[in-house]
Amino acid sequence: ASWKADGITLIDYQTLNYGTQGLFIDLNDNIYLADPNKTSIMMFSKRNNMTRRDIGQGLLAPTAIFVTKDGDVYLNHRLGGANVEKWSLNGSIGSPVMSTNSSCRALFVDLNDTLYCSLTEEHRIIAMSLSNSSWKSIMI
24 ASWKADGITL IDYQTLNYGT QGLFIDLNDN IYLADPNKTS IMMFSKRNNM TRRDIGQGLL
84 APTAIFVTKD GDVYLNHRLG GANVEKWSLN GSIGSPVMST NSSCRALFVD LNDTLYCSLT
144 EEHRIIAMSL SNSSWKSIMI
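Under the numbering used here, the first residue of the sequence shown is numbered 24, with each subsequent residue one higher.
It should be emphasised that the hints constitute simulated quantities derived from the structure, not laboratory data. There could be a bad hint or two in this list.
[To be verified] Here are the simulated DSSO-like cross-link-like pairs (lysine-lysine), alpha carbons at most 27 Å apart as the crow flies:
#1 K61 x K109
#2 K27 x K92
#3 K61 x K92
#4 K109 x K92
#5 K69 x K92
#6 K27 x K61
[Claimed, not checked] Quick list of the computed label-pair ranges, beta carbon to beta carbon:
#7 L46 x A150: 35 to 45 Å
#8 N72 x E145: 35 to 45 Å
#9 D93 x R147: 19 to 29 Å
All residues carry an ideal CB built from backbone N, CA and C; glycine is no exception.
Use the sequences and the hints to build the structure in full.
Right, here's the structure in full:
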């Protein structure tokens, strides 16, 4: 296998540190990166020539991210434990959604507004309805 000769570099090693764990590309081709070495989620907008915008200032080691079709950003970080927060793209503060014993390595929100968190250290997935805050644990 070889790289295409006309390929482009979107984000270089100086922007993206070693250890980045979360990546999400939304329906508008915006790229979101959860870098545990940063204190925010980096968003790169295709519409604005890949200019960088930070979401969620003051986060501690963000590891997972999911963006809904409505633009709500769900992210996991370790400030005050292991937490999942909901941020709006233009918001300046997130709202807590879920608290866990260990970090989510992946997040997913389905069409029924159920939030899934993969707890790899515990070998399980937990799910929570965003509509009524009910919890259920799914063993894998």
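So which of those numbered hints doesn't the model satisfy? 2, 6, 7
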